[in-house]
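> What follows is the residue order along each chain.
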Amino acid sequence: MAMMEYMTTKKDELVGWIRKFSLFPYPFVTACCGMEFMSVSSTLYDTDRFGAALPRFTPRQSDLLMVVGTVSHKTAPILKTVYEQMCEPKWVMAFGACATSGGFYRNYSVVQGIDLVIPVDIYVPGCPPRPEMVIDAIVMLQNRIAGDRHPIFPTERA
Amino acid sequence: MVNPDLKQALQGQYEEATESFGMPELRLRAENLLAVVQRLKSEFGFELFLDVTAIDHVERSPRFDVVYHFYSRPLNARLRLKVAVPENEPTVPTLTTLYGSARYMEREVHDMYGIVFTGNTDLRPILLYEGFVGHPLRKDYPMEAEQPIVNYRQ
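Residue numbers (our numbering), protein chains in the order written: chain Z, 1 to 158; chain Y, 1 to 154.
Hints should not be assumed to be uniformly reliable.
Only part of the chain Y face toward chain Z is listed, based on derived beta-carbon distances under 10 Å [said to hold, decoys possible]:
no., residue
1, Gln11
2, Tyr104
3, Leu127
4, Tyr141
5, Pro142
6, Ile149
Cβ-to-Cβ under 8 Å is the rule here; a few derived chain Y residues that face chain Z [stated by the list, open to error]:
no., residue
7, Pro74
8, Gly100
9, Arg103
10, Tyr129
11, Gly131
12, Met143
13, Glu144
14, Glu146
15, Gln147
16, Val150
17, Tyr152
Hints in this document: simulated from the structure, not taken from any laboratory.
The beta carbon of each residue, even a glycine, is placed where N, CA and C say it ideally should be.
Please model the complete structure; the sequences and the hints are all you need to start from.
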């Protein structure tokens, strides 16, 4: 039994280590934060260094949903569909003040934070956030993934 | 000068002529709108329909102003028309017969202010969505009212 526990822990460590360095982001870019996303993912800051480089423009091949920008009530169904199309395991980052809380929009059209629609793993505040903050958030998320349980077989508990 | 000419030619078809930032501004009644715009287009070359929007004067009666902007290439001049409409019957004639672009801009004003453009056959929501109740840019629309399409998570 102890041997089994040991194996599972080691397996979780291994899978976590693999998963944390192969985050495929899906950029759900709806607003001006997209400029900052371009900056953070291109040469000067370069999320490639952290193993979260390759944006996949289909949610089915990605595992990190980066919601970059304001989400209006009219966009919310699309966001929900995109999230549902992603395969497990999946993580969500709310990028910027608008995705986090609606930002300075308090009106008829803007969702007051995307966590009303889909579950969010990590929030990056700022209008827009500095690239360092985004990199910090990615590293924090990676640390969390590394420490998580990663059930692969259906008999395992999450 | 475009302003005196316009005033002269359209005498009697408008109620009041003013000037704002060098742009002539005519205030007229809804029933004269089509005739005036027709003449502006054919006689003065106002062939570019820049914008239609509305202003909500809550405490005033009639409550709304529908504001039109035109541009004339031959004269290199802009022009603003204002039509006051009351709250209980917010209707103005459509300009789709003269300008094709009016179709979309009138839909937007219908969305946001609830102005009805009689003769525009397609006043479906363009920026808002089906099922939205009310007109969000009216001053009495509650600022924090939300009408989400998807159900929120618990």
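> Of all the hints given earlier, name the ones this structure violates by number, lowest first.
1, 2, 7, 8, 9 and 11
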